[in-house]
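2 protein chains.
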Amino acid sequence: MASEEPQNPSPMEPQEGSNKISKKEAAKLERQRRRQEAAAVAAISAVSVEESDPFSGNYGDVALNDLQSKAVSGRKWTEVGSITPELKGQVILIRGRVQTIRPVGKKIAFVVVRERGFTVQCVLTVKVDLVSSQMVKYATSLSKESIVDIEGVVSIPEKPITGSTQQQVEVQISKLYCVNRAVPTLPINIEDAARSEVEIEQALEKGEQLVRVNQDTRLNFRILDIRTPANQGIFRIQCQVENIFRQFLLSEGFVGIHTPKLIAGSSEGGSAVFRLVYKGGVPACLAQSPQLHKQMAICGDFSRVFEIGPVFRAEDSFTHRHLCEFTGLDVEMEIKEHYSEVMDIVDRLFVAMFDSLNENCKKELEAIGKQYPFEPLKYLRKTLRLTFAEGIQMLKEAGVEVDPLGDLNTESERKLGQLVAEKYGTEFYILHKYPQAVRPFYTMPCHDNPSYSNSFDVFIRGEEIISGAQRIHVPEFLEKRAGECGIDVKTISAYIDSFRYGAPPHGGFGVGLERVVMLFCALNNIRKTSLFPRDPQRIAP
Amino acid sequence: MASEEPQNPSPMEPQEGSNKISKKEAAKLERQRRRQEAAAVAAISAVSVEESDPFSGNYGDVALNDLQSKAVSGRKWTEVGSITPELKGQVILIRGRVQTIRPVGKKIAFVVVRERGFTVQCVLTVKVDLVSSQMVKYATSLSKESIVDIEGVVSIPEKPITGSTQQQVEVQISKLYCVNRAVPTLPINIEDAARSEVEIEQALEKGEQLVRVNQDTRLNFRILDIRTPANQGIFRIQCQVENIFRQFLLSEGFVGIHTPKLIAGSSEGGSAVFRLVYKGGVPACLAQSPQLHKQMAICGDFSRVFEIGPVFRAEDSFTHRHLCEFTGLDVEMEIKEHYSEVMDIVDRLFVAMFDSLNENCKKELEAIGKQYPFEPLKYLRKTLRLTFAEGIQMLKEAGVEVDPLGDLNTESERKLGQLVAEKYGTEFYILHKYPQAVRPFYTMPCHDNPSYSNSFDVFIRGEEIISGAQRIHVPEFLEKRAGECGIDVKTISAYIDSFRYGAPPHGGFGVGLERVVMLFCALNNIRKTSLFPRDPQRIAP
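Taken in order, these protein sequences are the chains called A and B.
Counting with UniProt numbering, you get residues 1 to 541 for the letters of the first sequence.
Counting with UniProt numbering, you get residues 1 to 541 for the letters of the second sequence.
One should not assume that every hint holds.
When chains are identical, the list treats them as one kind, so a pair holds in a single copy or across two.
As the list claims (entries may be wrong) - BS3-like cross-link-like pairs, simulated, lysine-lysine; straight-line CA separation at most 30 Å:
hint: 1; residue 1: Lys159; residue 2: Lys378
hint: 2; residue 1: Lys279; residue 2: Lys490
hint: 3; residue 1: Lys423; residue 2: Lys137
hint: 4; residue 1: Lys127; residue 2: Lys106
hint: 5; residue 1: Lys206; residue 2: Lys370
Worth flagging that the hints you see were computed from the coordinates, not collected in a lab.
Let's have the full structure, built from the sequences with the hints guiding it.
This is the structure:
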């Protein structure tokens with residue numbers, strides 16, 4: 001049955017001791033909830049003791065039974081984002097969240113309703129023939145973030161409503177029903193979570209202390225945190241990045257594939273591997289990348305493939321740029337002569353991507369920039385390519401000594417990013433011909449110097465987002481290199497064997513989706529671009 | 001650095017006892033390989049002892065060094081699939097696999113070259129000023145499936161070449177280089193793997209025994225198996241199914257998301273869960289579906305989301321339609337009034353998908369049908385919807401008694417599919433209002449009868465491919481239902497809590513990508529539509 005729905009869901013709660021923050025927060029939340037429940041009961045009874053109201057049918061909580069797919073009414077719903085002055089005088093029906101409620105005396109209440117990041121101000125005014133004071137009281141009893149249905153007439157306010165996205169309109173409420181109530185006190189308020197550092201500091205200068213929601217609290221209550229305009233923007237941008245990646249590659253003759261994440265094998269795979277036991281007691285692990293299988297797909301005649309899927313790294317990296325699970329965008333392709341063919345794809349793909357984001361995601365980028373101000377990414381029409389040796393030389397001239405056959409550390413990568421930006425005016429560039437010693441065993445060495453390799457990394461704002469190379473397609477050579485790198489060849493024999501039946505020269509690259517979004521928007525932490533991040537200390541919610 | 005490339009790859013070889021078939025095959029392969037190596041050495045030395053040839057520069061094995069990105073020559077390559085009579089008289093350069101080699105005496109050899117499923121016949125004829133007999137000998141020494149570069153002139157044959165896809169052209173070879181040699185004896189031959197049952201049986205009637213490659217052998221040597229025209233078609237169709245799914249949903253305002261596959265929790269998640277130990281010794285498991293997190297994304301204001309990603313099921317299901325890892329296409333969306341809104345999306349999405357596949361994937365469908373003949377799927381412009389009760393009644397009238405509050409087994413599903421096809425002329429339909437008892441705890445019961453639920457399954461050719469429902473969005477009710485279904489509510493508290501901050505009514509569905517492709521093409525086994533399938537007995541290659 002149910003291809004989607006296991007009868008017993010995967011449990012999600014961290015176990016004892018798994019997450020200190022979560023445990024502490026949980027206790028706090030439990031206390032909060034008890035208070036809230038008491039308050040909610042009090043509020044509801046306060047409303048229900050009111051005198052009977054001839055207009056009582058125009059407001060109230062919707063009974064659960066009425067939300068169980070009772071009927072299809074044929075009513076038309078208007079999206080908050082599409083309420084414009086053209087609708088003036090029309091009766092509309094909207095569903096959204098109560099973002100704020102502001103009573104003015106006992107006869108007027110302003111309710112700002114939010115849907116998909118758009119907001120509109122709705123006004124409830126006591127009127128003899130339509131709206132009772134009980135209805136206003138009911139409205140003010142609603143908790144923030146509750147879901148409401150509102151029927152009302154679109155009107156044009158005297159002055160634009162600066163507090164909402166639909167500034168040129170208001171809705172004069174005639175009916176107001178609560179579809180689902182939020183708890184009265186939220187663990188974090190959306191306006192607090194949406195506040196920029198600049199706002200907090202400016203307020204502080206005026207002696208005012210505004211709430212700052214820290215990263216861990218945000219992640220513990222991610223459901224609320226992702227409702228902020230910036231987060232709504234971030235994940236819509238992420239969806240676009242992925243879609244542009246896919247559409248570009250499809251238009252270039254690539255085939256999208258899915259390779260297995262469950263891989264046979266035991267502990268030989270290194271320490272950064274999540275291990276598990278497969279059916280029949282077989283030792284297995286989670287794929288650290290689709291590297292081997294995407295190469296096998298090339299050997300299987302797919303010529304050019306890409307994969308978008310989760311990648312698992314059990315690394316103890318507590319940095320701003322590492323996750324234990326992230327989304328990999330992987331590419332592998334036959335090459336005719338040179339790994340520059342792979343860099344050409346990277347070049348055209350990413351320039352097309354940046355262009356498209358800047359052109360089609362203006363609202364999202366603006367929403368992100370409002371909370372996390374950033375400068376648009378500087379990039380060239382034709383992506384700059386420097387050799388590793390040239391990069392080393394630039395660093396040397398700037399007084400930074402780097403091992404010419406070693407790797408760049410995060411600090412020198414960042415420094416080189418600065419130097420490149422100053423000299424070439426770009427924050428997006430390719431560094432190629434890396435030392436062979438710092439690349440994986442399957443990397444093809446340079447034809448004229450085996451100390452260097454046909455490989456490259458790609459940087460945005462001084463941080464690596466892509467890694468790629470020509471691969472070794474000759475099984476005997478691959479076996480030799482694996483051995484030299486201390487890898488037990490027996491454990492990867494299925495991979496090596498796939499090159500014995502005729503293997504074309506090929507290369508490819510891998511991109512971290514979360515890193516692309518983080519660095520395009522100059523965000524300071526990769527947890528901001530993962531919907532439910534997983535790091536060495538976090539596996540919930 | 002390297003976001004894609006772990007220094008130590010995940011090992012892929014099954015361990016002792018993990019896969020009996022694989023072990024046996026491995027031993028066989030080892031013996032084969034030794035024979036092949038000896039044969040290859042013999043063949044090469046046979047060529048090298050030849051007399052010196054003034055045209056020796058026009059053929060031979062390309063040295064590895066020349067394949068290490070030595071230079072960018074600027075030469076133009078022509079794809080085999082684009083060689084047409086318009087190119088007559090032109091010199092072209094192609095790279096592809098040697099599909100077959102047929103010498104005719106010592107002066108002529110026919111080489112069929114394959115690239116991306118397209119084939120062209122190339123002819124090598126001894127000519128005084130260009131082609132030596134040594135070159136013909138070299139050509140006939142090439143093993144099948146080797147990668148070659150061929151330069152030659154396009155000519156028009158007297159009769160169409162029925163054995164290749166490019167029937168109106170030939171290539172008169174002037175240069176022939178081997179880029180990478182396949183082992184002389186392949187574990188399976190492509191023409192054997194590409195043969196239909198019909199062909200085998202027709203040959204048998206004539207007293208001829210053709211090789212039949214069984215499923216397990218195919219999967220053990222998947223790299224070779226996926227080179228067949230049918231398999232090339234299957235995985236290109238799969239890529240299209242996924243892309244149509246995505247593009248349709250994006251055009252309807254859905255956002256693509258990625259939810260974590262690593263989920264906290266221990267053994268309470270039921271037996272069909274793959275368990276592992278997360279960082280810090282925290283018990284964890286692999287997500288059996290993105291169900292809980294996709295609902296959480298709806299609570300996080302994304303309104304409409306979809307996810308394409310791996311789904312893990314540690315079930316002991318040895319059927320033609322179950323895998324331990326498959327690609328889930330998941331959808332979740334707010335609903336205004338009725339779960340029919342979800343079924344509307346299913347309806348329009350799949351009709352659009354089938355239309356698009358039939359229109360844009362003719363070549364692929366033809367390639368599949370040639371090996372696995374099938375009738376095009378019958379479906380209506382507006383998808384048929386029957387209630388579960390109506391389905392039961394149809395079965396009853398046909399003499400099949402089914403528990404009205406139980407589930408349908410595979411047999412009755414198939415029978416109902418037949419009855420529906422006969423009565424309504426469609427092999428694609430929706431069955432809704434399933435008994436509550438057979439649906440997951442989070443399924444919303446019917447408003448007028450709690451024994452039934454606001455749920456549905458979707459069938460192609462009598463087999464289930466989609467399962468969906470309205471979900472319970474009220475936390476207290478959800479808690480109650482979880483308890484009634486024997487689920488420890490503590491283990492899913494993060495999930496239940498996400499409905500406490502205002503939750504809109506919502507619903508969704510999940511599709512198995514491999515099942516859609518399998519049933520659209522009427523294939524008999526889901527392993528045919530998984531690139532590297534994982535089942536209880538297989539975790540390699």
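Hint check:
1. Taking the shortest Cα distances, Lys159 and Lys378 never come within 30 Å of each other, neither inside one copy (38 Å) nor across copies (58 Å).
2. Proximity of Lys279 to Lys490 under the C-alpha cut-off of 30 Å is found in both arrangements, the shortest distances being 21 Å within a copy and 28 Å between copies.
3. With identical chains, the CA atoms of Lys423 and Lys137 are never at most 30 Å apart, being 64 Å at best within one copy and 57 Å at best between copies.
4. In this homomeric assembly, Lys127 and Lys106 come within 30 Å of each other (Cα to Cα) only inside a single copy, at 12 Å, whereas the closest approach across copies is 103 Å.
5. Within a single copy, Lys206 and Lys370 get their C-alpha atoms as close as 21 Å, which meets the 30 Å cut-off; across copies the closest is 77 Å, which misses it.
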